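Given next are the chains, with one letter for each unit.
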Amino acid sequence: MKRKGRVLATTTAVLALTLTGACASSKSTTTATNTAKFNAALNAVYNPSDKKGGTITMAISEDWDSVDTGDTYYGLSWNLLRLYSRSLVMFDPVPGPDGNKLVPDLADSLGVSSDGGKTWTYHLRAGVKFQDGTPITSKDVKYAELRSFDKTVLVNGPTYMNDWLNWPAGYTGPYKQPNVNTDQAISTPDDRTIVYHLKRPFGGFDYFAMLPSSAPVPKAADQGTNGGVNYKKHVVSSGPYKFQSYEAGKGFTLVRNTNWDPATDPNRKALPDEYVIKLGVDATDIDNQLLAGTIQVDLAGTGVQTATLPQVLSNPTNRANADNPTAARLWYTSINPTVAPFDNIDCRRAVMYAADKVGYQNAYGGPLAGGDIATSLMPPIIPGYQKTDAYPDGADHKGDLDKAKAALAACGKPNGFSTNMAYRSDRPKEKATAESLQQSLKRVGISLTLKGYPTGDYFSIDVGKPSFLVANNLGLATNGWAADWNDGFGFLQQIVDGRVIRPSGGSSNLSVNFPAINTMVDEAMSESDAAKRNQDWAAIDKAVMDQAVILPGVWAKAVTIRGKGLTNVFVNEAFGQYDYMSFGAVS
Amino acid sequence: MVMGPEPTAATDLVDPPLYGADDSVAAIEGRSLGRIAWTRLKRDKVAMTGGVVVVLLILMAIFAPLIVKWLGHPPDEQHQSPALLDLTTGGTPRGAFGGVSGQFLFGLEPGNGRDIFSRVVYGSRISLTIAFAAAFLSVAIGSTLGVIAGLLGGWVDNVIGRLMDLFLAFPLLVFALSIVGVLPDRAFGLSGNTLRITMMIFVIGFFNWPYIARIVRGQALSLREREFVDAARSLGARPPYIIVRELLPNLMAPILIYMTLLIPTNVLFEAALSFLGVGVQAPTATWGGMLSDASKYITEPAFIFFPGMAVFVTVLAFNLFGDGLRDAFDPKGTR
Chain P
1 MKRKGRVLAT TTAVLALTLT GACASSKSTT TATNTAKFNA ALNAVYNPSD KKGGTITMAI
61 SEDWDSVDTG DTYYGLSWNL LRLYSRSLVM FDPVPGPDGN KLVPDLADSL GVSSDGGKTW
121 TYHLRAGVKF QDGTPITSKD VKYAELRSFD KTVLVNGPTY MNDWLNWPAG YTGPYKQPNV
181 NTDQAISTPD DRTIVYHLKR PFGGFDYFAM LPSSAPVPKA ADQGTNGGVN YKKHVVSSGP
241 YKFQSYEAGK GFTLVRNTNW DPATDPNRKA LPDEYVIKLG VDATDIDNQL LAGTIQVDLA
301 GTGVQTATLP QVLSNPTNRA NADNPTAARL WYTSINPTVA PFDNIDCRRA VMYAADKVGY
361 QNAYGGPLAG GDIATSLMPP IIPGYQKTDA YPDGADHKGD LDKAKAALAA CGKPNGFSTN
421 MAYRSDRPKE KATAESLQQS LKRVGISLTL KGYPTGDYFS IDVGKPSFLV ANNLGLATNG
481 WAADWNDGFG FLQQIVDGRV IRPSGGSSNL SVNFPAINTM VDEAMSESDA AKRNQDWAAI
541 DKAVMDQAVI LPGVWAKAVT IRGKGLTNVF VNEAFGQYDY MSFGAVS
Chain H
588 MVMGPEPTAA TDLVDPPLYG ADDSVAAIEG RSLGRIAWTR LKRDKVAMTG GVVVVLLILM
648 AIFAPLIVKW LGHPPDEQHQ SPALLDLTTG GTPRGAFGGV SGQFLFGLEP GNGRDIFSRV
708 VYGSRISLTI AFAAAFLSVA IGSTLGVIAG LLGGWVDNVI GRLMDLFLAF PLLVFALSIV
768 GVLPDRAFGL SGNTLRITMM IFVIGFFNWP YIARIVRGQA LSLREREFVD AARSLGARPP
828 YIIVRELLPN LMAPILIYMT LLIPTNVLFE AALSFLGVGV QAPTATWGGM LSDASKYITE
888 PAFIFFPGMA VFVTVLAFNL FGDGLRDAFD PKGTR
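Chains as they are written, first to last, in the numbering used here: chain P, 1 to 587; chain H, 588 to 922.
Everything labelled a hint here was simulated from the structure, so no lab data went into it.
This structure is a prediction, so every number in the text was calculated from the model and none was measured.
Please note that a few of the clues may not be correct.
[As the list claims (entries may be wrong)] Here are the computed distance ranges between Cβ atoms for each label pair: (1) Gln690(H) with Ala32(P): 43 to 51 Å; (2) Lys542(P) with Glu664(H): 33 to 41 Å; (3) Gln244(P) with Leu759(H): 44 to 52 Å; (4) Pro392(P) with Pro669(H): 19 to 27 Å.
All C-beta atoms, glycine included, are put in the ideal place defined by N, C-alpha and C.
Looking at chain H on its own, in the form it has when it is part of the complex (with noise of 0.2 Å):
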């Protein structure tokens, strides 16, 4: 059923001054968005190291357990032997930046001496799994509630927006330290750490909406007015075929933007939820659980560095990364 004028691809451009003078020499084919912002961020070496990164970190998280039996120790396995700690002054690790060798890459923890290296690299997955998640659920919610606020207006609109300004005052933390705090230990068919995994990504993800909703809302209040949509709406399309077909293919890029923005503030959030002990349950290894176990051990610097590294490394390379398909897709960008 195909009801009048409509972008002819997902990833169409919606600012025809873009096609103009400059590319009209070369492209004999018209480009699309996609394709130039592909071209763009290709150019861009920051945002491709990002990207790189980011592509290892999924797959770090994905191969855990092979890469740790290849390279290191079960994660929550102790070495306590007297050549490897020294026991009476507590635990702390022999050898150089806290016993930092060939069998222990990252060295040991103090204490309990259990694999840093191993402990890195499966906290991984718990930071990506909890960020990728609450980020997708807070662009389902956000961009849902954000096309139609944008596209309806009116009394709609007004519900929408103070039901943002409602979550944009609430007081995240605390609610979030609460709730994971007083979690019982099976709820919702749920236990365990599934449960407090699943509980973070809904604190998260379910807070976070309102940013990507203002933004999608923004652009979906100018992209109605366009003569695309005028045109669906006077042969008949209802607005649930408007948001699907003619809005969301346009607004596929600031939501993928500000997801990849989201996701490091995840990361982030998470740690600090794992630091304050509302995370998930002894042993599992979170990054920053990590940083809260070696905050006790400001005396071996090696303890807090690597998973402080990880932490860093991650929001680093997505926001890098983030930043550079924002540039890319920037239509007033000049790359």
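One chain only, chain P, in its complex shape (with noise of 0.2 Å):
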């Protein structure tokens, strides 16, 4: 972990030092600052405080997938829900690099492994209990984690504990199969112990236990109408507040829940009793709100809108209350091989040294509220990055067009060529996007036309599947695509791995297909040694680049508005938003 964190400084040290100065360096010490100032939230705690009390109230534009720990895929959601749910493990609630450390939070320690790393042991804390009083047993995480097996029932959130646990053959879930036996998946030999069973040795399996789906549920709580995808309306806490109210679409309520003991959790302060969730907030109406100060969270945590960008940075007492936190999220753009002339590598290469990623960085709303260009897929927040940049595009990133002429040559397409590129039309930063690469590409020659999808449809049933993309010439297709968690594994998995490319379309692997590729994956899957494992997904990294399949885009980052009233505030990396779960309320 210490060398992570080392790796993780060096790289970044331009960015982190220009913005905290001195703070960056000290790590192993908490920081905490009390001057506002643009940034002072990101690598220090803001405004520390242990006072208890007040109401905190925070608000979205629209509702997110679910409330529920065993449905759920959204950041924001991962974020708040350890309000009132505790999983296995979670990331260590500090500021800086730090937050992308694994700690222990229902288990005493992280996993322990067995078996070469095919059997996965965690012990529960003593004296854990559920809102109503009831001792949290290993049975309720195992329940837990049955119940989300089902995607039929609870059709969000990830699928990794399907995907890699010794499942029974057919096995389809605890609400059709009450009775089938799951201990070769998942056995619980005392109440306080649980252990994983895994098909084959995945060394950052304590990954998977930070899944929300490790949360305890109570059997008793999810049976009949009250089950399945209606337990999201009377959610049973394990975490510090519980539900008061629970209003569809409109929001909630947590309050206290007094069967949370203290002395079972050393990561929550549990510091305001009250938190008031709002949904269906007109997005710009947040902005306005945080910046007058009757709400204090924005929770979509995205950043503020472009309307509302040029108040808060020109202004500068709105500028010293926001922060500008890395996402680790690429927005890129697919290069598809399996559509000519972009078989041949040469009229891929052609179209890396022209794209001007300045102009790319401009379609997202510039350095601050877009992102740093891009230079590879991984983004530098990622413990295990590495600086790669195999396609130099010159000082001030506008492409190199003599490099991209003589590819086009090799290529054997001197005078350049049309090809079509798709974009999700009701996202008007991927509109602006394909814009731009229309206007620098046509400096060499390559002609596109732009075509664009609405956002529901496109991967599911138009760019998502191989045979539509050929059928429609897309040689060019925007993309984005965002860390489940903070390691290689969590981001590049599900885009550079070939083979979740599905002919019937979903995958968001639009242009990765290399036998190669898979093969250093499936090394990387099961190498148990962090550092090494590290190394192997930045090998990948450079392996893909070299190929030139994914015109790499912006590391995005966000202009947030650290909210009035707030103690406590500061960035959790493993999120790239303010932490939801320390925040204090200054009244």
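Hints in hand, dock the two standalone chains.
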């Protein structure tokens, strides 16, 4: 873990040092600050306090998938649900790179592996209870894992457990098969011990144990008409707060859970008395209310709206109360080797050289609201990141036209060619990206025709289908990916493993399908040594870049407003958002 | 083949009293309705201003490449130098009112730095093409069906009347959104923007015909009872002859007026479709598309001002001109 931190510190030193000055080097102790300035909460706790009491109001423009811990796949949700649930393992709630470190939560230590990484054992802390006072046992954790297995009932959420555990053949989950013995996948030798059995070794299993699906769910509360998708209306809390009310699509209120014992929980401060969450508030209105102080937190956590941006960055007072966190997210463009002339690597290279990266960055809102210009896939905040720049595009990042023309000549198309580019038509930034690439590729004679497709169908029935790409001659397609968690596997696996591409569509991987890379992915996944594993993923990143099938655009950043009246504000790097669990309220 | 009394000129007057008393002294030769209308129209300053603006707009659309060559930049070209845009705040244009300058007459688009003047000029091509073509389509269908219904009456009138009710009750915007939204990339031998523009012309034009059809039917109903129609019929003229030679010449005035008033409605409808994102594909400039982009930059009023003004001026000019035309052709008019 320490080593990871150091690699990270050197590679992002330029960024970190300019933002926080001296704070960046002292990571072992949590730094704190009371001075309101731009990025004050990025690597330090802003306005630290231990004062209990008060109410924090949070708002979001639309509802997310679910508050059910077994049925949710949104970063903001994983951030928030730690208030009312405890999974076996969690990310350390501290500012700076240490936020990517896993610490035990419901378990009393990180997982202990045996059988060469195929068996992982956790022991629950003593004295943990549900909101009604019932003790939490390992069987409640197991039941929570079982129910989230059934993706026909709980359709959202990751499927890592489904894919990796040694489930009985034909198992469909506890709703349809309540009496099947699942001990070959998860066993509970006693009330405080839970053992996971994998099909093949996986070194990073603690990340799976961090997923919200390991937060305990009492079987009795998940039965009949109250069970399944309806469980979200009366979630049973294992954390410091419980649901006082829940109105679908409107909002909910969290109040203190008196059966949560602070002695069992070294991670949560639980300062406010109450959290009020409002859904369906207009996005621009949220920004204005944040500036006015009537709400404290923008739950979406993706930054202020375009219209609010100049207001926040140009006004010194507003700017001093804003932060510019980095997300583990890459906006990129897939270059599809299945569509001629991109079956020739030199034609793909021509695009890599000719693209104007500054234009790409501006399409996403510039260096602050958009992000940093990306030169490879893996975002620099991910432990193990190694800088690679296979296609240097000049000092100004506006493209190297000489190299692009040379690549075109090598491809046998010295005067360029025509192809189509897909983008999500309801995403203005992707439209701007496509328009920018159209202009920059025109400089070397590559002519793009832009084709917009609605977001809802983009991966499922349009560009996600390999045959659709070929039929519509879609050589390029805008794309984006955020890490499920910050490590090489969590970021890269789903977008570079060619085996996730299905003829029926649905995969985010549009263009990367090389047997050599698939083999590298297999080796990295079974590697048990974390440092070695990080190197493996960095090598995969480089190998994908060498194939020129992904044009990296920007590593996303966001301009966020630090709400008025909050204490203990800091950005948790694991989420790229403020840590929603650690806030205190001034009043 | 002359078959009986018929109007001597295409724009001959249908209402004899207008030839009457007050004109008789000055006008020795009979003045056609067209000439009277023109004389009246010339005296209507507001309508003439509208007409001049309409002509200018049409010229602007036709000569857009030349205008942009002299006064602007290519409409899709992006100007992102830090001297023009403040890139750190998401690309806010530098300078007063969205970066208005001699170089950029209407300023720059925030974010990607395209020349708003060039895009407004080019946008007029899409707007006017669709508005005119759709109006022609409506008028062609509407006047044909209207005059047939009015002249023939009976079950034909009934069928066409119910058809009109059906089309009037149709939720046009919803239909337009869905049909243009699910449009494939290639259909009917067309592709890309050509297909989308054709489709928008069809949707806007095809569903607006009942309005003009109702007006034409009403006129045809009264005309068919007139003596010259009776005369033609008694001499054995068939309905097609009566429609083409007897009725249509007398219907030209209402059709022309209605068409002038239909065009601004179509401009607005096209802008609405583009605003909702079902118009032509990016990066083609349209006024509605520009307004849609601009709505995300409410703190940059210049961006929304110029395309908004373009729509406003166009609609106003056509409406003023159309109103003037109606007054000029009005038989009961006093001027």
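Quick rundown of the hints versus the structure:
1. The supplied range of 43 to 51 Å is met by Gln690(H) and Ala32(P), whose beta-carbon atoms lie about 50 Å from each other.
2. The given range of 33 to 41 Å is respected by Lys542(P) and Glu664(H), whose C-beta atoms sit roughly 35 Å from each other.
3. Here the CB-CB span from Gln244(P) to Leu759(H) is close to 47 Å, well matched to the stated 44 to 52 Å.
4. Look at Pro392(P) against Pro669(H): about 22 Å separates their beta carbons, and that is inside 19 to 27 Å.
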